[in-house]
Amino acid sequence: MTITNPLLSVRDLTVSVRDRGVMKPLVSGLSFDLRAGETLAIAGESGSGKSITSLALMGLLPNNVTVTSGQMLLGDTDLAQMSENQMRPLRGAQVAMIFQEPMTSLNPVQTVGTQLIEAIRAHEPVSYGQARAGAIAALRQVRLAEPERRMGQYPHELSGGMRQRVMIAMALALRPALMIADEPTTALDVTVQREVLELLKDLQRETGTAIILITHDMGVVAETADRVVIMQAGQMVEQGLTPDIFAAPRADYTRSLLAAVPRLGAGAARAAPLPPKAQVPVAQLVDVTVHFDIGANFLGRPTHRVHAVEGVSFDIQPSETFGLVGESGCGKSTIAKALAGLVPYEGQIIINSTSLAGLKAQERKDICRDVQMVFQDPMAALDPRMKVGDAVAEPLLIHGVGTARERKERTAELFDHVGLSSDQMNRYPHEFSGGQRQRICIARALALRPRLIICDESVSALDVSVQARVLALLEELKADFGVAYLFISHDMAVVENIVDRLAVMYLGQIVEMGTRDQVFGNPQHPYTQRLLDAVPIPDPTRERTTYLRAASEPPSPMRRIGDPVPRLMLTDIGGGHLIAPEVTA
Amino acid sequence: MVDIAVVSGAPAGILRRLFRRKLALFGFAIIFIVVGSAIFAPWLVRYGPNEQLFDGLTLQGAPMPPGGDFLMGTDLLGRDLFSRILYGARTSLIIGVIANGAALIIGTLIGLTAGFMRGWIGSVLMRFTDLMMAFPALLLAICLAAIFQPSLWIVAMVIALVNWVQTARVVYTETTSLSEREFIAAERTLGASQSRILFKHILPHLVPTLIVWGTLGISVTVLLEATLSFLGVGVQPPMPSWGNIIFENQTYFQAAPWLVFIPGTAILLLALAFNLVGDALRDVLDPTQRGQD
Chain D
1 MTITNPLLSV RDLTVSVRDR GVMKPLVSGL SFDLRAGETL AIAGESGSGK SITSLALMGL
61 LPNNVTVTSG QMLLGDTDLA QMSENQMRPL RGAQVAMIFQ EPMTSLNPVQ TVGTQLIEAI
121 RAHEPVSYGQ ARAGAIAALR QVRLAEPERR MGQYPHELSG GMRQRVMIAM ALALRPALMI
181 ADEPTTALDV TVQREVLELL KDLQRETGTA IILITHDMGV VAETADRVVI MQAGQMVEQG
241 LTPDIFAAPR ADYTRSLLAA VPRLGAGAAR AAPLPPKAQV PVAQLVDVTV HFDIGANFLG
301 RPTHRVHAVE GVSFDIQPSE TFGLVGESGC GKSTIAKALA GLVPYEGQII INSTSLAGLK
361 AQERKDICRD VQMVFQDPMA ALDPRMKVGD AVAEPLLIHG VGTARERKER TAELFDHVGL
421 SSDQMNRYPH EFSGGQRQRI CIARALALRP RLIICDESVS ALDVSVQARV LALLEELKAD
481 FGVAYLFISH DMAVVENIVD RLAVMYLGQI VEMGTRDQVF GNPQHPYTQR LLDAVPIPDP
541 TRERTTYLRA ASEPPSPMRR IGDPVPRLML TDIGGGHLIA PEVTA
Chain W
1 MVDIAVVSGA PAGILRRLFR RKLALFGFAI IFIVVGSAIF APWLVRYGPN EQLFDGLTLQ
61 GAPMPPGGDF LMGTDLLGRD LFSRILYGAR TSLIIGVIAN GAALIIGTLI GLTAGFMRGW
121 IGSVLMRFTD LMMAFPALLL AICLAAIFQP SLWIVAMVIA LVNWVQTARV VYTETTSLSE
181 REFIAAERTL GASQSRILFK HILPHLVPTL IVWGTLGISV TVLLEATLSF LGVGVQPPMP
241 SWGNIIFENQ TYFQAAPWLV FIPGTAILLL ALAFNLVGDA LRDVLDPTQR GQD
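Just so you know, the sequences run in chain order D and W. For the first sequence, our numbering begins at 1 and goes up steadily by one. For the second sequence, our numbering begins at 1 and goes up steadily by one.
Hint data in this document are derived by calculation from the structure and do not stem from the laboratory. For glycine and all other residues, C-beta sits at the position ideal for the given N, C-alpha and C. Where hints are given, some of them may not hold.
[To be verified] Covered by chain D, according to a simulated footprint, are these stretches of chain W (three or more residues, beta-carbon under 8 Å):
| # | region |
| --- | --- |
| 1 | 179-192 |
| 2 | 201-209 |
| 3 | 282-288 |
Full structure from sequences and hints, please.
Okay, here's the thing in structure tokens:
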């Protein structure tokens, strides 16, 4: 590497929050350099101070948070000394930022074109026509199909991946020297993430922009960054070239972080005797269909129908972990909701040889004792005004199990089972960390000793190290309680590590189903192959076959009412490995 | 910092934390004084509230300013304002607390039912609320007051029947958004009954909103009572209320400002006191605010 002056040089940066008159450091003594055209990843788990660092660079710190010492030299200017008025012209022109959630960063009531043009004209004295031409060029540069048409569209008309491309176009339109991307692909599906990461790399080659990539995903770090800074609790733990960090991490924290990352292929080593096929499956779905009617004509009748789930059949054996994978909108969560009785469906769902159709209220309530659910975001799934002990005891109370005293003892036992202490029972959900909250949700789901627990993206919102521990807990409880799991996830690596059998879903239908070894060892359906191929691999030495697709409209599960839905027929290619024929759209 | 384990939960703890807030204490003190003077009015005043005093007017027939024999001065008829304010507190408390409380309860029940049930029940209830909102409140109150014999309790009822609509609207909106929250879905998967979800998991989250609306409603209802009294369909003279004291005397505002300012200040202080207590109560009842006071 040639020795040039760094584009950005951060020296001994300390950022503190004022809390009841006391300054508490959020980031302390952080130093790093960034050269032009280089990608630096700042990686760490939640609370490590990585996002605060990016906000400090942009001068966008919240009111009670300030840079207390250190320098952030961009060329000759120290960003730490800039006032808001001095900072404003730099933002966008010199330093641009891409946020995690493109839907919330774009103005929902303005067209994409208006926002792009406004961003350009705010910094450069160009005419409307020139700005418009610049905006279209920027959209073309991020490989959006039909850029002229996109200009007139509103953010909600675009898919998540396309919106993020628009954000990147906006960031790049002014050719900034530095671009900060804060978890730019975390909210996106893996295949879309793949495309956006490729795009960022490509654009960097074309424009020479330096990128700071803030991420929690070591797979993303390995695939995109030249150098990496690992942070923990506001301190820099380690920094170095990406291959070096991955090959020989010096700090213990880095080592444990890398060890916790779920890897594709790691699950294959696990000896997994499939549970024998029982006479009565815990749950059986036969030809389940869920659709939602939307739109209304002048008579108030719906005009379109979203086919969220279309003719899905599978069964879950006792003590088995059955995986359901697919990208957002494929219908996997809708199946969970149908099983839990939260949405109406057609077809048959049989739990323990009782069909859910036409149950009376009391029978429906009894089914709840056998099927429980753990949601994605434990904070949202717990009543913030209820003590966690009461939350865990609530299912017992609802179903009239035991006396108050017995319930209390049982709750304490459950806390113990999920690795919490029983003296935490009197606290409220906000006093716990994310991983602890998910443990509380798991304890609540276990309270009635169900035979099936539905885990709907239950570990997706957790940091990797916490995720690994929660997954281990689930495995342990499976052995202790003999419970079966329906494990729903978009993360192929996690799924490979935990499931016995799985089904891959696409647009409301199953495209491939089989044991873990069958699907991961010998993926047959092109969609499964694409999903597996898109997973970021935490190994910087691995060569990847690059492919680039222009983002186009993703297929929609919405159809006009009365339009037939082509059903996919699954064929057995041996040993219960079912695949659907490839759809030629 | 507060030791969470010690204070959490117990009602005694809530009161203790409430009293630790200076502003809340100030609010409690005012409410205490107003309620106390309303109850003990006969023992606190020298003259009856409706007594027209000979030396209550100047020789020219003008009301006496505050000071001397009359702590708060006298009104146009030579009645002691201090006495009228104290007795008026009875009326205003009944209107501001009871009528307003009834309006709050009606509004909450209707909003909650409509927001939680949705469907045709929700539609019917909310269209009815919209209808009530569009109907001029004053006209309705006048109609109701004209049908029944005007009395304090009729006025309280009229005010309750007019004032619940805004509460119902706000509660409806909050309930619909709360029903979509994931912890409500989680409760359903546990097999919780509708009433359990409604009263144990949705109602507690409405408390902050209800406190704000409840305290805002106090000054609104006290003034509405005054308007009704002014139009002759409210509390009948000579019975005093803070509102009708203002209305009786507003035309003489230039000459005898105390006749408007003193009852006005009383209404303001009462509303402020309830507001301060309500604010503190909201913070204390919210578990996520623990340890931040």
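Exercise. Would you pick out the hints that fail for this structure and give their numbers low to high?
Key: none
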